[in-house]
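Peer 1: Sequence:
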Amino acid sequence: MINHIIIIGFGSIAQGLLPLLSKHYNGATITIFEKSPQKTHFLIASEFLANLESFPITSENFDRILSPHLNENVFLINLAVTVSSLAIAKLTQRHNSLYLDTCIEPWSYGTGGNKTLTTNYELREEMKNCQRKNSGSTAILAHGANPGFISILLKKALLEMAVLNNIAADPNHQVEWAALAKKLEIQVIQISERDSQVPSTTRAPFDFVSTWSADGLITECLQPAELGWGTHEGAPPLGAKKNGYAIEMCESGYQVRVKSWSPNYLEFSAYLLTHNEALSISEYLTLGDPRAPTYRPTVFYAYEPCDQTLDSIMLLDKKSKNYDFEKIVLKNEITSGADELGIFLISNKYNAFWLGSNLSIGKAKKIAHYNNATSLQVVASIIGGMKWAEKFPREGIVESESLDWKYIYDITAIYWEPIVKQEVNWRPSQTDGSLSFNNFISDK
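Per the working numbering, the sequence shown runs over residues 488 to 931.
Read the hints as simulated data drawn from the structure, not as lab findings.
Because the structure is a prediction, the values reported are computed rather than measured.
Built from N, CA and C at the ideal position, the CB exists for glycine as well.
Hints may contain errors.
No farther apart than 16 Å at their CA atoms in a straight line, the calculated lysine to aspartate or glutamate pairs in the EDC-like style are these [claimed, not checked]:
(1) Lys522 x Asp702
(2) Lys526 x Glu547
(3) Lys814 x Asp694
Simulated restraints, written as ranges between beta carbons of each label pair [unchecked claim]:
(4) Glu754 x Ala655: 19 to 25 Å
(5) Asp891 x Thr822: 36 to 42 Å
(6) Asp804 x Lys526: 32 to 38 Å
(7) Arg778 x Tyr752: 36 to 42 Å
(8) Glu754 x Glu904: 22 to 28 Å
(9) Asp550 x Met801: 37 to 43 Å
(10) Gly514 x Glu910: 41 to 47 Å
(11) Gly514 x Ser546: 30 to 36 Å
(12) Asn659 x Glu754: 41 to 47 Å
Using the sequences provided together with the hints, build the complete structure.
Peer 2: This is the structure in structure tokens:
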């Protein structure tokens with residue numbers, strides 16, 4: 488039984504998680520490590536009787552600081568940027584503790600020389616190598632909203648789309664899920680997100696504003712744009728590097744715009760940011776020899792943030808030293824809008840199918856204090872992952888695609904509602920009906 492929860496990092500997501508922990512883990516001791524807590528951090532922690540330690544977790548001290556707290560009744564949640572997911576996961580396994588991270592973090596994204604920031608392909612391959620050698624207590628990596636719950640929605644969306652098109656399906660294993668995607672002739676899968684949340688405050692010229700994490704978003708913007716690469720595709724984009732099941736573009740994520748669609752906003756232009764789920768989903772839905780597959784969809788994350796964040800991203804072109812902006816996460820300031828986040832299945836044969844959340848700021852604030860629509864989607868998925876790990880405590884290192892999707896969905900979906908599903912006859916190009924990646928590139 489979990490009686491102690493340790494959280495590394497006390498940013499926007501960790502603060503939003505506390506109200507849900509108080510509901511689902513009432514009575515558990517909570518210890519938080521934050522490298523530079525502010526006065527408001529201590530006030531929020533004390534409201535939930537959490538112990539907030541002003542202490543950075545680093546590659547030099549993590550074992551010494553964390554080990555005394557770890558045992559089989561402890562769940563450690565890593566919500567900090569540049570605190571190594573694998574290092575902390577392996578440490579928790581040494582002590583039979585449970586672990587969850589919302590992405591795969593390294594100790595540093597810097598690489599020296601002229602090389603770009605560490606890619607998600609590199610991080611994920613390192614995780615897979617460790618996974619093959621690893622067993623022990625459950626450590627769930629990359630399980631927030633996306634990556635994370637979006638892979639749960641993927642499976643539900645595949646089944647819903649099969650029903651709409653009179654295709655019998657009852658998949659239980661990876662090959663069966665991939666076979667269903669192939670039968671539906673899904674060539675492209677987008678993780679489609681349009682954030683329309685609006686604050687009452689005005690953004691200062693050199694503030695970098697986000698609705699989840701300024702540091703995290705800046706990193707994603709500066710990393711190379713990456714996507715899972717489908718078998719229907721022709722030549723990769725100019726200058727792109729093929730990494731097995733993935734493509735690493737020569738541009739950074741904030742330099743690539745793609746066309747997407749959502750039920751509220753309809754067609755929109757978005758950033759193609761690198762995300763773990765674009766790679767994990769593409770590989771999960773692969774059929775045949777991975778080196779020469781018979782089927783694999785193209786998968787990418789299309790993100791259009793709120794207007795103030797769009798303005799903030801323009802600062803990245805100014806090449807400010809160390810990108811040391813004033814960093815702000817919007818929560819209490821938000822007065823209207825929603826975060827529309829879903830999985831978008833685009834078939835070569837059938838109508839496209841979108842399934843996801845249309846969570847408004849009003850509902851998010853009503854459900855859980857210290858949340859906006861974006862953070863609530865993340866923290867709800869964390870709770871679902873934690874519950875699964877408790878039920879299956881000896882699964883080793885796992886990703887979201889390996890989890891029991893029905894179990895996670897039933898716990899998490901209530902916080903994502905309304906869950907919207909919509910079939911649509913949409914193509915990225917009106918003149919060329921093909922679903923090649925080139926047709927998704929947008930000049931807007």
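Peer 1: Taking the hints in turn, state whether each one holds.
Peer 2: Do the hints match the structure? See the list:
1. Distance hint between Lys522 and Asp702 is fulfilled; the C-alpha atoms sit about 14 Å from each other, no more than 16 Å.
2. This hinted pair does not check out: Lys526 and Glu547 have alpha carbons roughly 27 Å apart, beyond 16 Å.
3. Between Lys814 and Asp694 the alpha-carbon distance is near 6 Å, which keeps this suggested pair within the 16 Å criterion.
4. Range check, Glu754 to Ala655: about 32 Å between beta-carbon atoms, so the 19 to 25 Å window is missed.
5. Checked against the hint of 36 to 42 Å, the pair Asp891 and Thr822 passes, with Cβ atoms roughly 38 Å apart.
6. A C-beta distance of roughly 34 Å is found between Asp804 and Lys526, which places it inside the suggested range of 32 to 38 Å.
7. Restraint check, Arg778 to Tyr752: a C-beta distance of roughly 39 Å satisfies the suggested window 36 to 42 Å.
8. Between Glu754 and Glu904 the beta carbons are some 25 Å apart, a value that agrees with the proposed interval 22 to 28 Å.
9. A C-beta distance of roughly 41 Å is found between Asp550 and Met801, which places it inside the suggested range of 37 to 43 Å.
10. A C-beta distance of roughly 45 Å is found between Gly514 and Glu910, which places it inside the suggested range of 41 to 47 Å.
11. Between Gly514 and Ser546 the beta carbon distance is about 33 Å. The supplied range of 30 to 36 Å therefore holds.
12. Taken as a hint, the range 41 to 47 Å is violated for the pair Asn659 and Glu754, whose Cβ atoms sit roughly 35 Å apart.
Of the hints listed earlier, those the structure fails to meet are numbers 2, 4, 12, in rising order.
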